[in-house]
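Going line by line, the protein sequences match chains A and B.
The numbering used here numbers the first residue of the first sequence as 131 and each following residue consecutively.
The numbering used here numbers the first residue of the second sequence as 537 and each following residue consecutively.
These aren't lab readings, by the way, just hints derived from the structure by calculation.
Keep in mind that a hint or two might mislead.
[Stated by the list, open to error] Listed next, the in silico EDC-like pairs over lysine to aspartate or glutamate satisfying Cα-Cα at most 20 angstroms (straight line): (1) A:Lys303 <-> B:Glu572; (2) A:Lys310 <-> B:Glu622; (3) B:Lys653 <-> A:Glu286; (4) B:Lys611 <-> A:Glu308; (5) A:Lys291 <-> B:Glu640; (6) A:Lys303 <-> B:Glu627; (7) B:Lys661 <-> A:Glu279; (8) B:Lys651 <-> A:Glu276; (9) A:Lys310 <-> B:Glu640; (10) B:Lys644 <-> A:Glu308; (11) A:Lys287 <-> B:Glu630; (12) A:Lys252 <-> A:Glu235; (13) B:Lys661 <-> A:Glu286; (14) B:Lys612 <-> A:Glu308; (15) B:Lys611 <-> B:Glu640; (16) B:Lys661 <-> A:Asp265; (17) A:Lys226 <-> A:Glu208; (18) B:Lys651 <-> A:Glu308; (19) B:Lys612 <-> A:Glu307; (20) A:Lys303 <-> B:Glu630; (21) A:Lys303 <-> B:Glu578; (22) A:Lys287 <-> B:Glu632; (23) A:Lys291 <-> B:Glu630; (24) A:Lys310 <-> B:Glu632; (25) B:Lys653 <-> A:Glu308; (26) B:Lys653 <-> A:Glu215; (27) B:Lys651 <-> B:Glu630; (28) A:Lys310 <-> B:Glu607.
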Amino acid sequence: MASFVTQFATSEPAASTDILTGLGINWQLLLFQIIAFGILVFILSKWVFPIFFKIIDKRQDTIEASNRAAIEASKHAEKAQAEVEKLLREARVQAKEIVVTAKDEAGAMVQDAEAKGKAQAKHIVAEARDELAKDVIAAKKALHNETIELVAAATEKVIGKVVNAQVDTRVIKSALEEVK
Amino acid sequence: MQGRISRRKLADYAADAAQSGSLTEAIREIAAYMIESRRVREVQLVVRAIEDELAARGVVVARVATARPLESDLKKQIAALVNAREIHIAETLEPELIGGVRIETPGKILHATVKSKLLALRQAKI
Chain A
131 MASFVTQFAT SEPAASTDIL TGLGINWQLL LFQIIAFGIL VFILSKWVFP IFFKIIDKRQ
191 DTIEASNRAA IEASKHAEKA QAEVEKLLRE ARVQAKEIVV TAKDEAGAMV QDAEAKGKAQ
251 AKHIVAEARD ELAKDVIAAK KALHNETIEL VAAATEKVIG KVVNAQVDTR VIKSALEEVK
Chain B
537 MQGRISRRKL ADYAADAAQS GSLTEAIREI AAYMIESRRV REVQLVVRAI EDELAARGVV
597 VARVATARPL ESDLKKQIAA LVNAREIHIA ETLEPELIGG VRIETPGKIL HATVKSKLLA
657 LRQAKI
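Bound-form chain A, shown alone:
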């Protein structure tokens, strides 16, 4: 093969070889290399690059899809975050409402219990007063009756000794006068 390349190089015209030769360039070799490069480029662009381009495009599509997916995921994440924050806010609000409601209910229960307790206490006090009043009335009655009995017994004994004929006559006259 080296001899083939050398053969092409030696078959170039002598006129143009002056300048290129002065620059140290073999134009035949250069031409050959240009043609070979063009063939290479053609081959590459015809069968190799499309594959690579296809792979690259596919890769790019994948990357873009991934990117879009990432963006979408990010959006979803942001949305989810917003949703979470919204839910958290709602949960906080609901928790506050629950706490407030619980406090209100607890307060109402306490007030209700206090009211019931007061009412029961009043009822107990009223009953105790009634009971006391009944006892007082019963005691007064007993005292009244005992006093009457004592007075009657004492009067009977005293008057039995005090009343004489004159007193008796006065009593009878007084009674007769009252009847008139």
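Starting from the known structure of chain A, fit chain B onto it as the hints suggest.
Chain B only, in chain A's frame:
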């Protein structure tokens, strides 16, 4: 068989006898009749019936109970109080009355004794 004579008829008979001045005899007859007819238990009722009948005819028998014997002026006051054509006072002594007087006439009764007042006081118990 002799029929049963009512207390009212017995009372009428006794009242008639009292007005005609033969009360004692009539009382004996009535007593004998009641013993014979075994109505001794009705004696008090018959006496009441006779008193009622006499009161209807203007003769009142007043049962007066006192702790001590009544003075004459008190008897006069009682007679005046009864206000009848003729009054007979049947006086009984009951020392347990302590004082005062109880007068019973047919259809009326006056409790003015110390005992009744003490009883009323005792009944004032609650």
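Open item on the list: What's the verdict on lysine 653 of chain B and glutamate 215 of chain A, does the C-alpha distance respect the 20 angstroms limit or exceed it?
Closed with: 100 angstroms, violated
Open item on the list: So if I understand the rule, the pair passes when the alpha-carbon distance is 20 angstroms or less; does lysine 291 of chain A with glutamate 640 of chain B pass?
Closed with: 27 angstroms, violated
Task: Agreement of lysine 651 of chain B and glutamate 630 of chain B with the hint, judged by alpha carbon distance not exceeding 20 angstroms - done: 11 angstroms, holds
Task: Satisfaction of hint between glutamate 208 of chain A and lysine 226 of chain A, Cα-Cα up to 20 angstroms - done: It is violated: about 26 angstroms lies between the C-alpha atoms, which goes past 20 angstroms.
Task: Distance restraint between lysine 661 of chain B and aspartate 265 of chain A, which requires alpha-carbon spacing of 20 angstroms or less - done: 17 angstroms, holds
Open item on the list: Please verify whether lysine 252 of chain A and glutamate 235 of chain A have alpha carbons no more than 20 angstroms apart.
Closed with: 25 angstroms, violated
Open item on the list: lysine 303 of chain A and glutamate 627 of chain B were given as a pair; does the straight-line alpha-carbon distance stay at or below 20 angstroms?
Closed with: 16 angstroms, holds
Open item on the list: Checking one constraint from the list: CA of lysine 287 of chain A to CA of glutamate 632 of chain B, max 20 angstroms. Satisfied?
Closed with: 11 angstroms, holds
Task: Given hint glutamate 308 of chain A paired with lysine 651 of chain B - CA-CA distance at most 20 angstroms - done: 18 angstroms, holds
Task: Restraint status (C-alpha distance of lysine 310 of chain A to glutamate 632 of chain B at most 20 angstroms) - done: 26 angstroms, violated
TODO: Quickly compare the C-alpha distance for lysine 661 of chain B and glutamate 279 of chain A to 20 angstroms and report which way the hint goes.
DONE: At roughly 8 angstroms apart (the allowed maximum being 20 angstroms), glutamate 279 of chain A and lysine 661 of chain B satisfy the hint.
- [ ] Starting from lysine 611 of chain B, check that the Cα of glutamate 308 of chain A is at most 20 angstroms away, please.
- [x] Answer holds: lysine 611 of chain B to glutamate 308 of chain A is near 16 angstroms, not above 20 angstroms.
Violated hints, listed in ascending order, are 1, 5, 12, 17, 21, 24 and 26; each of the other numbered hints is respected by the structure.
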